[in-house]
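Colleague: Here's the letter readout for the chains.
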Amino acid sequence: MKNLLSLTLVTAIVFNSFGQNKEIEINADIKSVTIYNSSAEINYQKEVLLPEGKSTLVFTNLSPFIVENTTTISASEPNVDIITVTEKINYTKERKEQNVKAAYFQDSIAIIKNEMGLLKCKEDALQKEKDILFKDESIGGVSKGVAVSEIEKASVFFSKRYYELTKELFESDVKEKMLMNSLSRYTNQINELSINTLKAISEIQVTVINPSKKNVVFAFKFLTTKGGWAPVYDCKYLGTDSPLKFIFRANVFNASGIPWENVAITLSTANPTSGFNTPSVNSRNNNQSKTTKNEDGVQFQELMVTNAIAEYAIKHKYSIPSDSKPYLIDVESYSINASYNYLLIPNIDPFGFLMAKIPDWNKYNLIPGVTNIYNKGSFMGKTFLNTYAENDTLSLYLGKDKNIQSVRKEMSTNNQQTIIGNYYVDKTVISLSVKNNSPEKLTIQVIDQVPVFSENEKTKFNLQNIDFADYDKKEGTLTWNFALAQNENKTLDYKYEIKAPKNDITDYKMMKKKFRLVTCPSF
Amino acid sequence: MKHRSKINNTFLSLSAITLVAMLLLTFGIYSPVYCQVYNYSPINYRDIETNPSIVASGSKNNQININHLNTFSSTTPFSYTNIQLSKYFESIFSGLGLTANNTMMKDGIHYNYLGLSAAYRNVLFNKAFIKMGATYKLISTNAPSGSFDYYSFTPDGLNRQKNVTGNLNLSLSVSSPSDKYFVSISSLNNNLLWNKKNNSIQFPRYYVFHLGNLMSLFDGANRGSEISYTAFSTLSLTNNKTVYNQAIDFKFVLNITRNASIRYGSRVEYAENRYVQCIPFITLFKRKSAVTFSYNFCSKENNSQFTPLSIIQLSIIYNL
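For the record, the sequence lines run as chains H and P.
Numbering of the first sequence is given in the numbering used here, commencing with residue 1 and proceeding in unit increments.
Numbering of the second sequence is given in the numbering used here, commencing with residue 524 and proceeding in unit increments.
Chain H on its own, in the form it takes in the complex (with noise of 0.2 Å):
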């Protein structure tokens, strides 16, 4: 009897010591991260002694934004068995505080709460005691006299003790002040380091099979929609004989709730958070929309790039605190040949505005970005580049030149008052000057508009004296192309007339001039 107790305690702890589940706690550590544009994959891996048996890994210490059946985990070992992935939040673990800056402000801010604290009570002290002591002013009472050696030596006390209190209460104010000064310097801190106060963590738990004790990797990736990425371009341009120097870098921000430590990072144009949905193909438009929305203190805007995702990896690893705030860093650097010449539209700015002229443009494969232009080392501005070109061609504004300058006169005449006549005729003429002060020979192009009529409209317009220009009549442009010696002075003068039929003299009035609008860079 005795025996077979024994073997089933024996037997009975064995099958236990087999069927037990093993949990073992890991904090696995950021490989790397690919950044999208508004979400990042974050991509973890960790080397763990698994023991035989099935066992539970919790992964801890995680982004609390993972988003929705995007984890996805794999182990080294092909004979280990991942049986179940769960993720879940865990709110009575505290996060492991990264930022040293903020735990040191925070535990300033509490120190100052708590001096704060004991300010208030030393104050109601003082206070209760003023209003006891000087509650009743008369002296023994109304009742009675009251020796005066005795009022003397009442009256010393109570100027003592009266100024003795409000002296007291006047530095507790004083320091309450600067102490509630300190609070709003440090809490002022906190917000502009975006802290993430967060506490909770997200852990995801694997349970896995193993056949035999052995060191087994695990990389486990997910998705968080708090990262993204937005382009920033360095244009430089060196003069007219170099290469146009591209400089391609991204704003990151990370506000995961957990940093990011000296991490490989990719940068890539797709969007994984769009769905399972099946893709589709749709027109290519390269139009910058104007819908924007705030996120954790990051402002988005939504851009229409390409179909084609382009994916960059980055050199170097960085480091970027989980903080909302964008970290610079290099993605690439191009040295692009172009071609280069003035523009000057002097209806609208008299002076010539440096276009640079970039062949091939769309194999870049950017997306639309900030671009800073640098022209021979100043900063000239920024600008937003819209990097699809339509004819591959892209004509990049590099700033203004106050080198070159023109000077546009119009002189308008018309016959309104005539004593006979079927038609209003506007003749109009325009003086264009155009000087090169810079010391080198340039290539000017020179843009002016003229009013546009369709064919089909009652109203004739005619153009003269237009020489080598390019005509474009649906547009209503004139484009003169040539070249400037250094001081040397063209002049460009044509003159147009429009014809007006007087169909409706009860309703004429003067001929209103049709302009169209061209595109003029905004510095």
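For the record, the hints were derived by calculation from the structure and aren't laboratory data.
Being a predicted model, the structure only gives us computed values, none of them experimental.
No residue lacks a Cβ here, since even glycine has one placed at the ideal position from N, Cα and C.
Please note that a few of the clues may not be correct.
Stated by the list, open to error - Under the rule of at most 25 Å between Cα atoms (straight-line distance), these lysine to any residue pairs were calculated in the SDA-like manner:
{"hint": "1", "chain 1": "P", "residue 1": "K811", "chain 2": "H", "residue 2": "N503"}
{"hint": "2", "chain 1": "H", "residue 1": "K460", "chain 2": "P", "residue 2": "I805"}
{"hint": "3", "chain 1": "H", "residue 1": "K460", "chain 2": "P", "residue 2": "Y643"}
{"hint": "4", "chain 1": "H", "residue 1": "K130", "chain 2": "H", "residue 2": "E115"}
{"hint": "5", "chain 1": "H", "residue 1": "K427", "chain 2": "P", "residue 2": "N645"}
{"hint": "6", "chain 1": "H", "residue 1": "K460", "chain 2": "P", "residue 2": "K811"}
{"hint": "7", "chain 1": "H", "residue 1": "K499", "chain 2": "P", "residue 2": "F676"}
{"hint": "8", "chain 1": "H", "residue 1": "K458", "chain 2": "P", "residue 2": "N585"}
To be verified - To give an idea of the interface, some chain H residues facing chain P are shown, with a C-beta separation under 8 Å as derived from the structure:
{"hint": "9", "residue": "I420"}
{"hint": "10", "residue": "G421"}
{"hint": "11", "residue": "N422"}
Given the coordinates of chain H, assemble chain P onto it according to the supplied hints.
Modeller: This is chain P only, laid out in the frame that chain H set:
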């Protein structure tokens, strides 16, 4: 309210004048005037033949006008059919008109013509249209020798003959762009230099003056209502006297729907300083077309004897 009442007063007074004139004619208090070559189809500012300058009016771009008058009488047969086509060429500020006419009188006397009108307009002081027009008529007659006199055809021979001749109507008008206000003068039946004078068949020369719209004297804000004045003179070939005629046209508008209206009124004419003639009319006017019915109270003179002659007129205008 005051404005409407003013229009109503004007309308009532003018309607009363018309009615009185019609009654006088009906009861023979005044001797009715005869029909004449140009007068059975009233001379008016908008008639292409008598005022060819109208084809250069932008408001008459492409129009077809069919006009038929008939006495429906076996004793005094008379029929008149006139088809007019007009087109305005905006790019050259000119218009063209084509008129085909067939007139039949008693005893099978025929008067036919084919008229080609042309006009050009220009703008005066950026305010008014000035229009010049001409109509050349190629006339074919089948009648004894004589003259198409002041009121009717007067034969001076017995043998019927066919004649072909031609003459020219000229006009000059100054108007507002929509022809609401106008002054016009015309000279009709001018002999051409290259046409030999045909002594066997003759036409008197007419001078016509139009003035409109006088309704603005009563109320400038009227909507479509018109009063216009027409004067014309001619030299009678029978007695070599110049006679004068004056007429006032009244037209009132009654809107039925947004696109349809009824226009009614009358011409009251004082002819030869002797006779009063009245031609009331009613027009159903739609956006692109108009149908007019009128009744002409007049009579035919024969050896100083007046034979009552009532002419019914049907006119159709369609804007192409």
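Colleague: Now, for every hint given, state plainly whether the structure supports it.
Modeller: Going down the list of hints, with the structure as the test:
no. : hint              : verdict
1   : K811(P) - N503(H) : holds, 21 Å
2   : K460(H) - I805(P) : violated, 43 Å
3   : K460(H) - Y643(P) : holds, 20 Å
4   : K130(H) - E115(H) : holds, 23 Å
5   : K427(H) - N645(P) : holds, 21 Å
6   : K460(H) - K811(P) : violated, 30 Å
7   : K499(H) - F676(P) : violated, 52 Å
8   : K458(H) - N585(P) : holds, 18 Å
9   : I420              : holds, 5 Å
10  : G421              : holds, 6 Å
11  : N422              : holds, 5 Å
Going down the numbered hints, you'll see the structure goes against 2, 6 and 7, while the others check out.
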